[in-house]
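**Student:** In case you want the letters, here they are:
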Amino acid sequence: MRAGIVVFPGTNRERDMAIALHRVTGIRPMMLWHRDTKLPKLDLVVLPGGFSHGDYLRCGAMAAHSPVMSAVRAHAATGGAVLGVCNGFQILTEAQLLPGALLRNAGLRFLSQDWHLRVERADTIFTSAWRQGDIFRVPLAHGDGNYIADADTLDRIEDEGQVAFRYCDAEGRVSPETSPNGSARSIAGVFDRSRRILGLMPHPEDLVDPLMGGTDGLPLFKSLLESLVS
Amino acid sequence: MTARTVDAALAREFGLSNEEYERVLAIMGRTPSLTELGIFSVMWSEHCSYKSSRVWLKTLPTTAPWVIHGPGENAGVVDIGRGLAAIFKMESHNHPSFIEPYQGAATGVGGILRDVFTMGARPVANLNALRFGSPENPVTRRIVDGVVRGIGGYGNCVGVPTVGGEINFHPSFDGNPLVNAMTVGIARTDRIFLSAAAGIGNPVVYVGSRTGRDGIHGATMASAEFGADAEAKRPTVQVGDPFVEKLLIEACLELMATDAIVAIQDMGAAGLTSSSVEMAGKGGVGIELDLDHVPQRERGMTAYEMMLSESQERMLIVIRPDREDVARAIFDKWELDFAVIGHITETGHIVVKHRGVVEADIPLDPLAEQAPLYRRPLGDRVVPEPLGRVHDPIGTEAALLRLIGSPDIASRAWVWNQYDSTVGGRTVRRPGAADAAVVVVSEDDAGFDSTLALALTTDCTPRYVQACARTGGAQAVAEAYRNLCAVGATPLAVTDNLNFGNPERPEIMRQFADAIEGMGVACRALDFPVVSGNVSLYNETKNPDGTTTAILPTPAIGGLGVLEDANRAVGLSLAPGLSLVLIGETAGALGQSLWLREVLGQEEGAPPPLDLAAERRHGAFVRDQIAAGRIAASHDLADGGLLVAIAEMAMAGRTGVALDTPPSGLPPYGWWFGEDQARYLLGTAEPDALLAAAASAGVPARIIGHADGSDGLTLPEGVTISLARLRAAHDRFFPALMDA
Chain E
1 MRAGIVVFPG
11 TNRERDMAIA
21 LHRVTGIRPM
31 MLWHRDTKLP
41 KLDLVVLPGG
51 FSHGDYLRCG
61 AMAAHSPVMS
71 AVRAHAATGG
81 AVLGVCNGFQ
91 ILTEAQLLPG
101 ALLRNAGLRF
111 LSQDWHLRVE
121 RADTIFTSAW
131 RQGDIFRVPL
141 AHGDGNYIAD
151 ADTLDRIEDE
161 GQVAFRYCDA
171 EGRVSPETSP
181 NGSARSIAGV
191 FDRSRRILGL
201 MPHPEDLVDP
211 LMGGTDGLPL
221 FKSLLESLVS
Chain R
1 MTARTVDAAL
11 AREFGLSNEE
21 YERVLAIMGR
31 TPSLTELGIF
41 SVMWSEHCSY
51 KSSRVWLKTL
61 PTTAPWVIHG
71 PGENAGVVDI
81 GRGLAAIFKM
91 ESHNHPSFIE
101 PYQGAATGVG
111 GILRDVFTMG
121 ARPVANLNAL
131 RFGSPENPVT
141 RRIVDGVVRG
151 IGGYGNCVGV
161 PTVGGEINFH
171 PSFDGNPLVN
181 AMTVGIARTD
191 RIFLSAAAGI
201 GNPVVYVGSR
211 TGRDGIHGAT
221 MASAEFGADA
231 EAKRPTVQVG
241 DPFVEKLLIE
251 ACLELMATDA
261 IVAIQDMGAA
271 GLTSSSVEMA
281 GKGGVGIELD
291 LDHVPQRERG
301 MTAYEMMLSE
311 SQERMLIVIR
321 PDREDVARAI
331 FDKWELDFAV
341 IGHITETGHI
351 VVKHRGVVEA
361 DIPLDPLAEQ
371 APLYRRPLGD
381 RVVPEPLGRV
391 HDPIGTEAAL
401 LRLIGSPDIA
411 SRAWVWNQYD
421 STVGGRTVRR
431 PGAADAAVVV
441 VSEDDAGFDS
451 TLALALTTDC
461 TPRYVQACAR
471 TGGAQAVAEA
481 YRNLCAVGAT
491 PLAVTDNLNF
501 GNPERPEIMR
511 QFADAIEGMG
521 VACRALDFPV
531 VSGNVSLYNE
541 TKNPDGTTTA
551 ILPTPAIGGL
561 GVLEDANRAV
571 GLSLAPGLSL
581 VLIGETAGAL
591 GQSLWLREVL
601 GQEEGAPPPL
611 DLAAERRHGA
621 FVRDQIAAGR
631 IAASHDLADG
641 GLLVAIAEMA
651 MAGRTGVALD
661 TPPSGLPPYG
671 WWFGEDQARY
681 LLGTAEPDAL
691 LAAAASAGVP
701 ARIIGHADGS
711 DGLTLPEGVT
721 ISLARLRAAH
731 DRFFPALMDA
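As you go down the protein sequences, you meet chains E and R in turn. Residues in the first sequence are numbered from 1 upward in steps of one, following UniProt numbering. Residues in the second sequence are numbered from 1 upward in steps of one, following UniProt numbering.
Chain E extracted, bound-state conformation (with noise of 0.2 angstroms):
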């Protein structure tokens, strides 16, 4: 699998990204420039977590007009793999490419703690090492992570199975009070259409390795390893 991740100005977790997708594949991924036009040959493209741009106007905004996300665009067309992590996720929504917004926490507080999610689906690229219905830790690190979007939206993407993941709390459950940020339906990743691309706001590249407290978060690369390999 080849992998790239984008660094745009005040992108901060591109490290974390490469140690997790490193262990996994044991292949170093490319750090792509916010300014490049042309993709090399990749199977996978990372938006990974951070502050782009400051997260000045509104998280994301900026750099979802970045010249490289053309790029990403052209990639993801053409069937190529795309994941978004919580600025990657916010990136992609302010890009279109997936559906919803995000917005401040409903408690007007960065999060910081670790949460549980619930796998909605097991039959694509990103969750095929998980079983659906599968619950994971995952430490959450953002201050706008409350996913909205107006309600034949969200009917839409719940009927066309591209709820990726929702919060729970470690016995599965989900109901308004497990949503650590007020998120809509308790939402915490969505797919596009193809499936091909997903966004979400927690961090399971930060819990890949039994030293950082655990390995809930490995399905996600081993999932795209399986499925990307080339």
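Calculated directly from the structure, the hints in this document are not laboratory data. Quick caveat: nothing in here was measured; it's all calculated off a predicted structure. Yeah, the Cβ is synthetic: ideal placement off N, Cα and C, and Gly gets one too. Fair warning: there could be bad hints in the mix.
Covered stretches of chain R, going by a simulated chain E footprint (3 or more residues, C-beta under 8 angstroms) [claimed, not checked]:
| # | region |
| --- | --- |
| 1 | 156 to 170 |
| 2 | 238 to 248 |
| 3 | 415 to 429 |
Per label pair, the in silico range of CB-to-CB distance [claimed, not checked]:
| # | chain 1 | residue 1 | chain 2 | residue 2 | range |
| --- | --- | --- | --- | --- | --- |
| 4 | E | Thr-37 | R | Val-326 | 23 to 31 angstroms |
| 5 | R | Thr-59 | E | Arg-58 | 51 to 59 angstroms |
| 6 | E | Pro-210 | R | Ala-257 | 27 to 35 angstroms |
| 7 | R | Arg-732 | E | Leu-108 | 16 to 24 angstroms |
Computed far set for chain E versus chain R, every beta-carbon distance over 12 angstroms [unchecked claim]:
| # | residue |
| --- | --- |
| 8 | Ala-76 |
| 9 | Gly-133 |
| 10 | Arg-193 |
| 11 | Leu-211 |
Following the hints, put chain R in place on chain E, whose structure we already have.
**Tutor:** This is chain R only, laid out in the frame that chain E set:
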């Protein structure tokens, strides 16, 4: 600023005494210009010159075979093996954090980050030491909120994890909170950058944010006590931009991978003045600046304003002339301003030009060498009265529930959950999971796969220092040592952040001198030298009746240790089946204890005595037992004593504990809540082997209970305190204070 006549009155406004102004006149041989007076006043401020503290700081031990750079550089540097160095320092931002808590704390973090990456290190961890006023004071909540948001807002954005810290509440901090921020970075020992300028004719380059009128005279403000006019000082508080800092980190580290840099220093307190004066002064050269080339954010700035501005996120670099293009390209890539604003000269003077006029021309040697140095009068040494007889009005169960929920012990999760503690992928032990934070040196830092890790902690018990500054100063060092040993790390060195009141008051100066003496004794006894630090004086509030209130003296210690194998790091979480072994002697020391304060409402007596030989012996024993793989959980005993530590370990591991009968001869409250030092509580599956090892090492050890997997702490008399009740009491304080 309109042209004011420079005279002794203006000098006083700038914080210079009449005598100091006379010395300025003697050095200059004429009346200085406004810009020159500004430069003298900030360089001779307490903040930059350490004029009241220097004679005492010099007594601290600062060397060891593993110390690469001690005090005097931007941060301390220690060898951590395998060609790598840890670079670290702690610095205060107290006064700004009272005036404008968010920006005060945020720029405190930004400033200390720059001190570390300016030496070539990638910052890998932030910690802090915070002191707030009484929770009952209505102002406290606003300050806590702003400071926590500020620390998180800055650290989270720059992508440096905030991994540890400490928080105390006390009414003495009502009008003067303490915000001490610590940064730790990792560099290669052969790629460490210093600030001494060299190379006559070499260009002096300004990079980073543009200069505005913010923070003018911040260093001077930090050197005076607060009156009712504190609010009016808001314009002297700097405004931070963590996004620019992030770009600056990446650009500087990229530049540092080339051979372009001769010397580099961040523009911190006193901005362009202190960076240029110190770089040229250390290099024994002169420097000429042309302020026309300084990137400016506002129009019509004067030389005085530019030299005194404390705009954030700026660095000054002396570069090799043939590498200017390489350097410029890197800063262009990161979209940061890059301007050649001067050059190195052989004059030994700092010359500042603006619009063709020489606005300042000061000889550097006398500016440094004739800086004021005071051996201020010391008051009488305070000898605390020993605590008299006490009684226990509420019993063990009620006391534990009260202590575990008290402001100084209650769960800090509300705070930590606002700090990104995992970014970077290096964090092995997050806040609250162990006595010290643990971060692993990643392959990125080392260039090879590694399990080498740093252990980090911040510690001080201000109420001990108030009661007896010598013991309290030593205890702060000993507790940092203990917290590092408790995770299995070998303690290497400390940074200190000395927060005290007005040094012109003899009783305060006595506190300061005694605390340093105590710290020095402990650092020597524990082979734990001071490699960097910061002094913050004048932490006092003027009362309406003309008196002043000083803070509890707070020599905060930031400790750093190494673990050869991060996988061996031990946290405080108990597991069912483990035996609890207490290391160290318990005499039931209750003077200045939290039990005394929270249960009896008294802040009295002498702090617990310290036995530094025992600290060293017990610390080494704990490290050895952890290295031998015999220890599954570990916690040092500190605030609140034994039963609080047991409760914390039980809650972390979600297991109950059955406790054995205490030894005879002690009242139960002395056994459970005494704050005797040099003690650890270890969870082990091999208690017999541990006790045998302790016996042969001459270390007191005793089994005091067993983790039984139940849902409560069962006291020897049969009473069970459920974990749910403990947890509820422990978790209540911060949400009740902040979210109510």
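**Student:** Hint by hint, say whether it matches the structure.
**Tutor:** Status of each hint after checking the structure:
no.: 1; hint: 156 to 170; result: holds (count 4)
no.: 2; hint: 238 to 248; result: holds (count 6)
no.: 3; hint: 415 to 429; result: holds (count 12)
no.: 4; hint: E/Thr-37 with R/Val-326: 23 to 31 angstroms; result: 24 angstroms, holds
no.: 5; hint: R/Thr-59 with E/Arg-58: 51 to 59 angstroms; result: 54 angstroms, holds
no.: 6; hint: E/Pro-210 with R/Ala-257: 27 to 35 angstroms; result: 32 angstroms, holds
no.: 7; hint: R/Arg-732 with E/Leu-108: 16 to 24 angstroms; result: 21 angstroms, holds
no.: 8; hint: Ala-76; result: 26 angstroms, holds
no.: 9; hint: Gly-133; result: 25 angstroms, holds
no.: 10; hint: Arg-193; result: 32 angstroms, holds
no.: 11; hint: Leu-211; result: 6 angstroms, violated
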